Each structure stands twice: as structure tokens, then as C-alpha cells.
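Fit chain B to the given chain A structure using the hints.
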Amino acid sequence: DTEVTQTPKHLVMGMTNKKSLKCEQHMGHRAMYWYKQKAKKPPELMFVYSYEKLSINESVPSRFSPECPNSSLLNLHLHALQPEDSALYLCASSQGRWEEQFFGPGTRLTVL
Amino acid sequence: TQLLEQSPQFLSIQEGENLTVYCNSSSVFSSLQWYRQEPGEGPVLLVTVVTGGEVKKLKRLTFQFGDARKDSSLHITAAQPGDTGLYLCAGVVKYSGGGADGLTFGKGTHLIIQP
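Chains A and B are the protein sequences, given in the same order. Under my numbering, think of the first position of the first sequence as 1, with each following residue one higher. Under my numbering, think of the first position of the second sequence as 1001, with each following residue one higher.
Cut-off 27 angstroms, straight-line C-alpha distance, at most; resulting in silico cross-link-like pairs (BS3-like, lysine-lysine):
1) A:K38 - A:K9
2) B:K1070 - B:K1056
3) B:K1056 - B:K1107
4) A:K53 - A:K22
5) B:K1107 - A:K41
6) A:K9 - B:K1107
7) A:K9 - A:K40
8) A:K53 - A:K18
9) A:K40 - B:K1107
10) A:K38 - A:K22
11) B:K1059 - B:K1107
12) B:K1070 - B:K1059
13) A:K40 - B:K1070
14) A:K40 - A:K22
15) A:K38 - A:K19
16) A:K41 - B:K1070
17) A:K9 - A:K22
18) B:K1107 - A:K38
Example chain B residues on the side facing chain A (calculated, C-beta under 7 angstroms, incomplete):
19) E1041
20) G1042
21) P1043
22) L1045
23) L1088
24) F1105
25) K1107
26) G1108
Examples of chain B residues toward chain A, derived with CB under 8 angstroms:
27) T1048
28) L1103
29) T1104
30) G1106
The hints are simulated quantities; they were obtained by calculation from the structure and are not laboratory data. Remember, predicted model here, so these are calculated numbers, not experimental data. Using N, Cα and C, we set each Cβ at its ideal position, and we do this for glycine too.
In isolation and in its complexed conformation, chain A is listed as follows (with noise of 0.2 angstroms):
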């Protein structure tokens, strides 16, 4: 299995709502990544978990929230977000530092 699926593929929300997007592997990948793409940009790194350890990018508002229950799975909680983080969110997965990351198809995350 070399597939990353995340969940739900499509997401609407107002600004008060709180959700979550969801992220799994099963390749024995101990690395897994959040980024965020906007239209017509690369995508952005956003959080880092390596052996369920984090890694933080700094510039990154603290309404989203990542967590990471075991090594095959990764969420990123979202509150109080607002209309321009409306975008695709990106996890990837690898098994190593200077290895292939395996991405996932993304979730359309719009906020209203």
C-alpha cells in the first residue's frame, strides 16, 4: 500500500465552527507533514511530526492545531479560522529525512 488518503475531500465551514482534517498511511512511514496550498502557489510546510515528535513552522496561527495519535495517522484541528485560509491541505508522509514524500489527493477546505 503507497497511498496517503486523507479525509473528507471537500470542506465548508463558517468562522465559529471547529473541525477536523484526518490523514493515514500504512507504508511504515515515521515522518508526516501538513502544507497548505493556495491557487496557483507551490505548497507551504506547515507542521512536521517525526517519530510523533513535532516540528513547528513558526509563522503558522495557532487556530490550527495538528496531532499526531500513532505513526500512521495525522489530524489538524482547525478553529476560529478565517475566509483566507481557505485552501488545499496537503499531508505527506516519508520514510526518512532525504527520501520520497508520498502526498496525499488534499482536502478543499473552504471558509465562509
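Then chain B, alone, in the frame of chain A:
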């Protein structure tokens, strides 16, 4: 400051033509990766280049890593409509807090191959 500069940002050519996409940086990277992304999907890795001066071929795609490991190029021969997509170069950067590194991407090249 953009760590990785890609050019051109947009390219539209006819089927059968050749093209080259460039990825440049003032920083030295231990490796550079090239990805291709189609609308509504995640990026898919095409190649990783590690050694300065390295050349890798993937069918009609040729990837080169500069001798100083600061730049890379992607050359497509006899482009086909199926090559249409967003091409991204990426290098590994280390973020505070330790742990695994993450990728920093160039702005990408939007390529359209017209039949």
C-alpha cells in the same frame, strides 16, 4: 526571500516541442526533488538528484543537478499534452524544534502542451 527560484512560471507550447525548466538558489542543497502536480491532486515525485553534476533520465524527461548543488534543470523532449501540469522543484530545509525536515518548494512552472 524565495529560497528556490523557478523559471519560467508559465509556459505554453505546441506538442512535439522541447522545453527546459530551471530551478535556482543561492543556497546549497544536499538534494533537490522534482514533483509534478495535476489540478486537485497532491504532488507526485518525479526524481531526486543528490550528486553535483548528476543527470537522470525518465523517458522524455532529463533532470540535471548543478555541479555546485545550487541549481537544477528539467528538460522535456518532444512534449505531449499529457505532460501538462505544475512542475515543482523542492529542497529540504530544517525547521526549529528538531525532527524531520520539510520541503521548501519553488513557485512552480505551469506547463501547458497544446495538441
